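Mapping to numbering that gives the first Met the number 0: the sequence shown position 265 is 264, numbers consecutive.
Simulated from the structure, these hints should not be mistaken for lab results.
Just so you know, these numbers come straight off a predicted model, no measurement behind them.
Possibly wrong hints are sitting among the right ones.
Between beta-carbon pairs, the in silico distance windows are [stated by the list, open to error]: (1) Glu246 - Glu52: 16 to 22 angstroms; (2) Ser236 - Ala189: 50 to 56 angstroms; (3) Ser124 - Ala212: 49 to 55 angstroms; (4) Ala189 - Pro219: 31 to 37 angstroms; (5) Glu246 - Gln44: 15 to 21 angstroms; (6) Asn89 - His237: 47 to 53 angstroms; (7) Asn89 - Ile232: 52 to 58 angstroms; (8) Tyr34 - Ala212: 28 to 34 angstroms; (9) Gln44 - Ala204: 15 to 21 angstroms; (10) Gln194 - Arg171: 33 to 39 angstroms; (11) Glu200 - Ser124: 15 to 21 angstroms.
Heads up, the beta-carbon is just placed ideally off N, CA and C, and yes, glycines get one too.
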Amino acid sequence: MVRRISRTAIAAVIAAVTGLPLSAETLADALVLAYRNSNLLEQNQAVLRAADEDVAAAAATLRPVVNYVLQSGYAKTAVCEGWANDLSVNASFTVVDFGRNRLSLDIAKEPVLSTREALVGVEQSVLLDAVQAFMDVRSSAENVAINDNSVRVIGEALKAAQDRFDVGEVTRTDVAQAEARLAAARAGLAAAEGQLAVAREAYKAATGAYPGALAAAPRPPALPRSLDEAKAIAQRSHPSVRSAQHEVTAAELRVAAAAAERKPEVSIGAQVSSDLDNDPTGQVG
Numbered sequence: 000m001v002r003r004i005s006r007t008a009i010a011a012v013i014a015a016v017t018g019l020p021l022s023a024e025t026l027a028d029a030l031v032l033a034y035r036n037s038n039l040l041e042q043n044q045a046v047l048r049a050a051d052e053d054v055a056a057a058a059a060t061l062r063p064v065v066n067y068v069l070q071s072g073y074a075k076t077a078v079c080e081g082w083a084n085d086l087s088v089n090a091s092f093t094v095v096d097f098g099r100n101r102l103s104l105d106i107a108k109e110p111v112l113s114t115r116e117a118l119v120g121v122e123q124s125v126l127l128d129a130v131q132a133f134m135d136v137r138s139s140a141e142n143v144a145i146n147d148n149s150v151r152v153i154g155e156a157l158k159a160a161q162d163r164f165d166v167g168e169v170t171r172t173d174v175a176q177a178e179a180r181l182a183a184a185r186a187g188l189a190a191a192e193g194q195l196a197v198a199r200e201a202y203k204a205a206t207g208a209y210p211g212a213l214a215a216a217p218r219p220p221a222l223p224r225s226l227d228e229a230k231a232i233a234q235r236s237h238p239s240v241r242s243a244q245h246e247v248t249a250a251e252l253r254v255a256a257a258a259a260e261r262k263p264e265v266s267i268g269a270q271v272s273s274d275l276d277n278d279p280t281g282q283v284g
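Make a model of the complete structure from these sequences and hints.
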């Protein structure tokens with residue numbers, strides 16, 4: 000009977016073959032951390048929410064306006080005594096305004112759409128920083144490993160040169176040259192370790208956490224087949240271009256709204272009032 004192999008066992012085999020720990024962080028993990036922990040994204044999301052409130056306020060102008068007043072007072076005179084309560088309700092609705100209120104709503108919508116595209120641009124920048132930080136850490140770690148291996152190899156070469164010098168096969172100059180190469184390799188290792196420390200700090204700034212063991216980067220997506228195709232995609236979908244387009248539309252709508260302001264407005268209204276006196280005829284006993 001064939002036994003089923005658990006996913007944990009499969010992952011352990013893969014980790015043993017690739018040399019990566021089971022908890023290796025992927026590029027997707029880094030992107031998730033960057034998106035969750037970015038204060039810049041949170042700030043721009045708050046700006047978008049504020050812009051949405053402007054749309055709600057503009058939409059309210061298309062609805063009827065109802066005002067009410069409730070007054071209450073107590074009176075005591077020589078002939079009567081009691082409470083006087085009055086309720087007044089006033090409603091109005093714009094019938095014809097030549098599109099002013101509708102244009103105001105459209106004008107309020109365009110900045111929201113522009114802000115959304117700007118937010119997409121900020122998201123792309125935040126995620127690009129995370130990708131750059133991820134690759135820098137991997138590159139710096141590989142550089143440290145290469146320099147560390149060089150130190151070990153040159154150290155072995157120095158030991159061999161020293162042994163050959165002891166038996167008289169080489170001169171003191173050969174040993175000194177081997178020592179100089181080892182010193183240079185150690186300096187290169189120290190520089191690589193410093194660069195790795197810088198890359199780790201940049202990773203923390205981009206994602207909000209220090210990196211652990213990083214997995215290999217995924218296969219890059221396919222690129223456009225030509226420069227003209229890449230330009231066409233950018234002109235069609237780049238958030239900065241789309242944001243500017245919404246700003247242009249908003250400017251055109253403001254011109255139309257200014258022209259509509261010269262035209263008259265027709266509205267209808269109604270008012271209802273009621274006397275709610277509890278005891279308007281009460282006599283003083």
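Status of each hint after checking the structure:
{"no.": "1", "hint": "Glu246 - Glu52: 16 to 22 angstroms", "verdict": "holds (19 angstroms)"}
{"no.": "2", "hint": "Ser236 - Ala189: 50 to 56 angstroms", "verdict": "violated (45 angstroms)"}
{"no.": "3", "hint": "Ser124 - Ala212: 49 to 55 angstroms", "verdict": "violated (27 angstroms)"}
{"no.": "4", "hint": "Ala189 - Pro219: 31 to 37 angstroms", "verdict": "holds (32 angstroms)"}
{"no.": "5", "hint": "Glu246 - Gln44: 15 to 21 angstroms", "verdict": "holds (20 angstroms)"}
{"no.": "6", "hint": "Asn89 - His237: 47 to 53 angstroms", "verdict": "holds (50 angstroms)"}
{"no.": "7", "hint": "Asn89 - Ile232: 52 to 58 angstroms", "verdict": "holds (56 angstroms)"}
{"no.": "8", "hint": "Tyr34 - Ala212: 28 to 34 angstroms", "verdict": "violated (21 angstroms)"}
{"no.": "9", "hint": "Gln44 - Ala204: 15 to 21 angstroms", "verdict": "holds (20 angstroms)"}
{"no.": "10", "hint": "Gln194 - Arg171: 33 to 39 angstroms", "verdict": "holds (35 angstroms)"}
{"no.": "11", "hint": "Glu200 - Ser124: 15 to 21 angstroms", "verdict": "holds (19 angstroms)"}
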